[in-house]
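Protein chains: 2
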Amino acid sequence: MKYNRVYLAGPEVFHPRALELAKMKKDICAAYKLEGVFPLDNELDVDSYLLKHQAGLAIGDANEKLIQSSNIIIANLTPFRGPSADVGTVYEVGYGRALGKRVFGYSNVPQLFESRTREFAGGGSTAADEFGMSFEDFGMHDNLMIETGIVRSGGAMITRAAKYSERFTDLYAFEQCVQLAARDL
Amino acid sequence: MKYNRVYLAGPEVFHPRALELAKMKKDICAAYKLEGVFPLDNELDVDSYLLKHQAGLAIGDANEKLIQSSNIIIANLTPFRGPSADVGTVYEVGYGRALGKRVFGYSNVPQLFESRTREFAGGGSTAADEFGMSFEDFGMHDNLMIETGIVRSGGAMITRAAKYSERFTDLYAFEQCVQLAARDL
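These protein sequence lines map, in sequence, to chains A and B.
If you're matching positions, the first sequence starts at 0 in our numbering and goes up one per residue.
If you're matching positions, the second sequence starts at 0 in our numbering and goes up one per residue.
Simulated from the structure, these hints should not be mistaken for laboratory data.
No incorrect hints appear here.
Any copy will do: because identical chains look the same in the list, a pair fits if it lies in one copy or spans two.
Derived pair list, reagent style SDA-like, types lysine to any residue, alpha-carbon separation capped at 20 Å:
1. Lys51 x Val150
2. Lys25 x Gln178
3. Lys162 x Pro15
4. Lys64 x Arg151
5. Lys64 x Leu98
6. Lys64 x Gly99
7. Lys51 x Pro109
8. Lys32 x Asn70
9. Lys162 x Glu129
10. Lys25 x Gln175
11. Lys51 x Leu111
12. Lys22 x Leu43
13. Lys25 x Leu184
14. Lys51 x Gln110
Bear in mind that the values here come from a model prediction, so they are computed numbers and not experimental data.
Required output: the full structure, derived from the provided sequences and hints.
Structure representation (structure tokens):
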């Protein structure tokens, strides 16, 4: 495990400019003497697998190994296709937390979780969603497990109101996480 | 750590009949000689905290301890407020996986992840969402990190087409997970 290695978790892997965003994040890390590693660094030949299910497992294995080799995670927890963060990223936050990694999170949407979920369920004053299920309200940015993991790991959660169209490309809050991570080393 | 203790992860904590569902799950576990533990078992006095944020962290801490004390996780990964599973549950899957727990997952929606996310983004033939971001397609039930963690832990992912209104209360697939978990002990 390298003590200055940062696993760059986030839904950017699905972005058409994923590799460009990865390079920008790595460059920011390097400016603070940190080494950023990105999920797509694995260089797996996805097409070599007979079944796409097997390719998926191989990517998952490779990402877990990358997290093991890092001591810091900086996770893009911007709401993704719904009121919460990308679940792949959230899995990695939990995984890294259990391994004792320091986890930082950022979101380019500052609206709190309770407000976002209520809005998603269709109304400002509704007390529950269509299944009667309540809205978590602990003044946090997403489900309490995520923010607990981040805080208890010694990391921090940073939010910023980015422009809607730049929600998945704005790296200002990301850089703030990098600054905090570098300061602690 | 108890070798027959199962952490019952899932969004049921938000359900109006949460404690009843917890009891039903525990009874099913007991029928297979397993001990089910539920997040709300913590018996925290949430109102005793000055800030709700502190109460949230205390719940998170307590849930992590419950997972540590278990050797199996059975996670309800039914899509919750969007195309993916509840992120609190997903965090716990990643957390438990990193600690070497055996993780089983179930979903009461058998539609595959790629199809669900495409539908959520608004169209059957669209290649990307409004941010240009692609749809993961590895023939899995949710993000590949989740299913990789489950498969590599020695667990299994089970799906079932429950009635829409019973999506968060149908325990048939849950019981199948319990059967598999009990058989392996």
